[in-house]
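Peer 1: Please put together the full structure from these sequences, using the hints given.
Protein chains: 2
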Amino acid sequence: GAGADNDLYINQAIVFIEDAIQYRSINHRVDSKSLGLYRWYYSRTCQWILSLTITVILALAFIEEPSSLTVTSDVRYRLPAWNPPCGLTESIELLCFLVFVVDVSVKSYLIGWEEFWKNKWLMAYILMLIVSLADWIVSLSFFCKESVRIRRILRPFFLLQNSSMMKKTLKSINSTLPEMASVVLLLAVHLSLFTMFAMLLFARTKDKQQDKEWVVYFRNLPDSLTSLLVLLTTANNPDVMIPAYSKNRAYSIFFILFTVLGNLFLMNLLTAIIYNQFRGYLLKSVQSSLFRRRLGIRAAFEVLSSLKETPASTQQSCVSVGALLQVLQKAEMDSRCKQAIMRSLKMCSCDQLSAAQFQKLFEELDKDAIKQHPPSPEYQSHFMQKMQFAFGHPCFGYLGNVVALANIISICVVLVIDSDKQPSERDDFFLGAINCFFILYYLLEMLLKILAMGLKRYWSYPSNRFDGLLTVILLILEIATFAVYGFPHPGWRPEFLGLLSLWDMVRLVNMLIVFRFLRIIPNMKFMALVVTTLLDLVKNLRAFAGILVVVFYAFAITGIMLFKGAVVPLGNTRYSNFLQGTQKDSKAEFTGSCVHNCYISRKKKKQNKNVLSWCSAHFQAGVVYCLLYVLSVHLICRWAKIYFVAWWLISSVIWVNLFVALLLENFIHKWDRRCQRESLSGIEYQRTVELMFRDVLEEPTEEELMEKLHQHPHLQLCR
Amino acid sequence: GAGADNDLYINQAIVFIEDAIQYRSINHRVDSKSLGLYRWYYSRTCQWILSLTITVILALAFIEEPSSLTVTSDVRYRLPAWNPPCGLTESIELLCFLVFVVDVSVKSYLIGWEEFWKNKWLMAYILMLIVSLADWIVSLSFFCKESVRIRRILRPFFLLQNSSMMKKTLKSINSTLPEMASVVLLLAVHLSLFTMFAMLLFARTKDKQQDKEWVVYFRNLPDSLTSLLVLLTTANNPDVMIPAYSKNRAYSIFFILFTVLGNLFLMNLLTAIIYNQFRGYLLKSVQSSLFRRRLGIRAAFEVLSSLKETPASTQQSCVSVGALLQVLQKAEMDSRCKQAIMRSLKMCSCDQLSAAQFQKLFEELDKDAIKQHPPSPEYQSHFMQKMQFAFGHPCFGYLGNVVALANIISICVVLVIDSDKQPSERDDFFLGAINCFFILYYLLEMLLKILAMGLKRYWSYPSNRFDGLLTVILLILEIATFAVYGFPHPGWRPEFLGLLSLWDMVRLVNMLIVFRFLRIIPNMKFMALVVTTLLDLVKNLRAFAGILVVVFYAFAITGIMLFKGAVVPLGNTRYSNFLQGTQKDSKAEFTGSCVHNCYISRKKKKQNKNVLSWCSAHFQAGVVYCLLYVLSVHLICRWAKIYFVAWWLISSVIWVNLFVALLLENFIHKWDRRCQRESLSGIEYQRTVELMFRDVLEEPTEEELMEKLHQHPHLQLCR
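Those protein sequences? They're chains A and B, same order as listed. Numbering-wise, the first sequence is residues 1 to 719 according to UniProt numbering. Numbering-wise, the second sequence is residues 1 to 719 according to UniProt numbering.
Because the hints were derived from the structure by calculation, they are not lab data. Don't take every hint at face value.
Where chains are identical, the list cannot tell them apart; a pair therefore holds if satisfied intra-copy or between any two copies.
What the hints assert, rightly or not - Dumping the calculated BS3-like pairs for lysine-lysine here, alpha-carbon to alpha-carbon at most 25 Å:
#: 1; residue 1: Lys107; residue 2: Lys360
#: 2; residue 1: Lys421; residue 2: Lys247
#: 3; residue 1: Lys670; residue 2: Lys525
#: 4; residue 1: Lys670; residue 2: Lys284
#: 5; residue 1: Lys212; residue 2: Lys421
Peer 2: In structure tokens:
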């Protein structure tokens, strides 16, 4: 009937407007049942459960065998990690898989079968689930003793497929790959030509004293390649040239040429290429988000205009205000926006809205909340007014900064004086006394500011929140210290009591004071600019960070699988035997090549803990931990080389360059705006990327929108 | 009289046109005598003498005491460097100074006294000369035994002041300094806050086993600062965190946070700032060059139009063709340009030239020479024509590339097989035989190509020149080998004869073959693009490279003065005593801090030889060379720290970022053009920066030119 139809249209409009708000695609089923399912699927609870599931399945690696979630990373000292009984992690995994199965079925159903076959991500999702479940069954049938678990490497895929931003970014990276590949090819040619030169230059000679270079770095082809590859990372920079250089200074020309060409030119060329590709990336992605929003609103308009209540006689399609109000009340959106739209709807005198008016109403969504700080309290007393003027003045804030600086300097002085003292010689009185004084000042400052500004106004500034919270924590810590250890007096060196020793308490207080000093940032113009750029960047980088997590996870799991059992702690006696053995052994070179790998890996800082611990173990005691079976080691080292080179290329070279490209893009945009708007008051905090690009974005035209709407696979528009 | 006036005008026009060609300023004296002096001063000989003088005075450092121009850099083995007798370098220096005195007087005279007082560079030049001469006199009066020679640090100034490009670049860098300083300040704040955190986190504890981190890296304030500063260069990357990390994994958060904030954000922010500043740099400098050229031509027009022979009655000023021809014949310019201008002058039917026509004539200067390859010879014989078609075809070139690749692979295989063999076991027969075969093929290829293309056409391609020259050299080397060692046969291992051993000859041949392989570059599109970008970059970087040389020179000389006598070679017996002494000594830490410095300096690759040798000496044998007097060493290490940090900031951070900025600018410009012109034939070699920017340059307007002309300090225009 007409009523049911009308209900359906209203529901469709609600969903389309919610899609517009969330920048979602509107290409989903639009019948009543599906709409209910759709709203349920995108409800906060459901999405939260999905995110939790992804987090849980990724976090499983930390407690699964071989986990390394121990306090120390040193294989000599660490206790065996807790091994969950067989079936515990597996049952958690099964739960997660079930959630994913529900997820993929709902998603597939909602977009419809026709679309499903075009969507490679969904098909890959199903494939991954099937492989994971099969692997899970194999795992259980071996009672968790199987050696290879494929499903662990596949896990990051679930993170990847859940974020449309990440998928988009991946596509973007994918389109840059051919050019990156050409530069990498160029690098490979550079490397191989120079390797041949090196092998010809530093060939074995008859004089054993003279061919140190050959012995250490250019013994054979793999060694030479490794030496030069590591030189490309600058990790072995002067070392590799020293033997040749001390023989003849002219040899340095070879190394300088290699470094300048490879490191200065080719590596930076990679930056240039990636920057060039990503220059328009942010703008493009914001532009497509805008298109989705306009499309969603337009779709809502179209379905509302086909409501039966509208007079069909009018030439132009339009929407009644009543229907829109009905939709607005049911749609989930930011209450501020909702109120603003309602308000302008009421102010609008007309009864019917055209498409343009409808679109205009929802422009409120694009606007940033203009933050209104609550007013200061108005005091009657003349004295209080003066107080309010004095402590509400910016100068009082500057005084606070100066005091914080003085506090930092005093801590620094005490640290310098105490740095070499034994803990037993240390006198905590001085530091305790001055900290007590400063914390009292901070408390006073906070109270006076609250007095001058009123609690609400005080709390509405982020810098005050930061300040106030830290002051309260400091106060609590200080009171706790006094409660446990009494008031400070000369020679104040009490015994260990309670949870933390006095010294630990004082250190904690000092660290918080140093941290509190960051409140000066908004007062320095350039710093504020830099910090806001960085914060913007962090927001824009979420997709990149997600992809990085995916890559890290995959590498870490692969590393665990490849190097399982490679690091074996040896007792000191066995170590020396082993060392003597290897030194006589002609295979002694494997140690060298392992150390080489570690040299490469020195460049890789944020390597996952497991891999890092593997490598740090190597470093820590040089050859102390070495690998038990020479043969297996030789094999492992080869693999390790390839693994680490791949890791270096992806994490260090490509990712860092992507980061630089994004930073350049963000910063230059911001900087230009700053120069334009220097005349306006102070620094503007731009909350969203959309706002940053507002002046360059193009509005989609009516034709584009309508064309896209007519391509909708499920929505049949009347006209 | 009128004739003398006319001569003067003609001479002025000649000089102005020469100024325009060389992009020089026209603000110099314009009377007859001065013009003669001006042309003499800018004649090729005079400028060459000036450049030579600058080169000589800079090169003096390599033979002056303490020079290090020895074959080996190892202080243990190297012979004492040749010390020139007192007075030799000093008299060369005096000669150079005299040339500079002449230079500065001519320059000052030519721009006139009024301009002289505004020109800070000239005044600084005179000041430098006075200081240098005074220092020179002091030096001679001490019979070259004085300890400090200020004039050696001042020398690079002479290089700096001689290049207008370098002065302009310096100005540009100067204007970026405030922003760079803010980022460096931010870095300093970051560093100091984290240092305080580190000192609080890694304080000395009661458990001696547990405070390894404190002992090694965070013992006191300078140590902590150094550790974190070095971490910023990533030189001590995993090492610094390992002791803390092996105690508790959570400590890694501190280091990761520090590295991400400092290295990833702040350092890259510096890149962004510098790139942002230098984005328009190239364009601006090209634009101002264009303005100078147009101004010079306009000035020539103006002086020629005031010649007496032109009819004064005409409203518009114009120039007779005869006068212009007279000027053109006397002016020094590229003969191709001169002919082209003459040709278009003759084609122009009119007798008088307006300003626009005059300007248009000289646009020939802006055009690049269109390279016309000479035609191939035309053979009568049918067979020869077929030959010509076959060997002139690109496929023949590809075949040559394939053969070159095969040669490289064969060399590579032999190298891999021979890599571990003793020199006496090596059989040179195989390599000799295949090289002989390949070189014969190369010779044949060259001859056939010459046959097909004719010698002139063959020689007109740069890739053929490269190829042909290398082939001839290879042939000569091969013939020389056979002449000395006979033809290769199995077991071909002759004794050492002549200049080089057979093995050295073969190595040289192989290196040349590897080098010859670079001829494939123009055949690969992307590689060709990259290489042309790099070549362009090298041209644009000349000014930067000059400034870098200035900085390097100043740092090297300062380093020599600061660390004079710091590296003393010790015998082995004395060394072990010394080592034992220091190990017991409480001052043992100085070694650590010296090693720290070397860690920092590991990042500085292209450091001048002297400094490098100082540092490499440290590295080579660890503590083998150590400094004799503990006290003086402690002082030196402090200085060394400051010196190396300054060096790192300037050479590594700022210069590398400048380089990246320029590369980005160049590459992105080139890349955009490539995409535009993809349809045009092949790769275009853009010869000059002017051409690269031709489509975006703005022509100066008539008013701007005339206003500038009227501001000329010496030229009085009639109107």
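Peer 1: Which hint numbers does the structure go against, in order from smallest to largest?
Peer 2: 1
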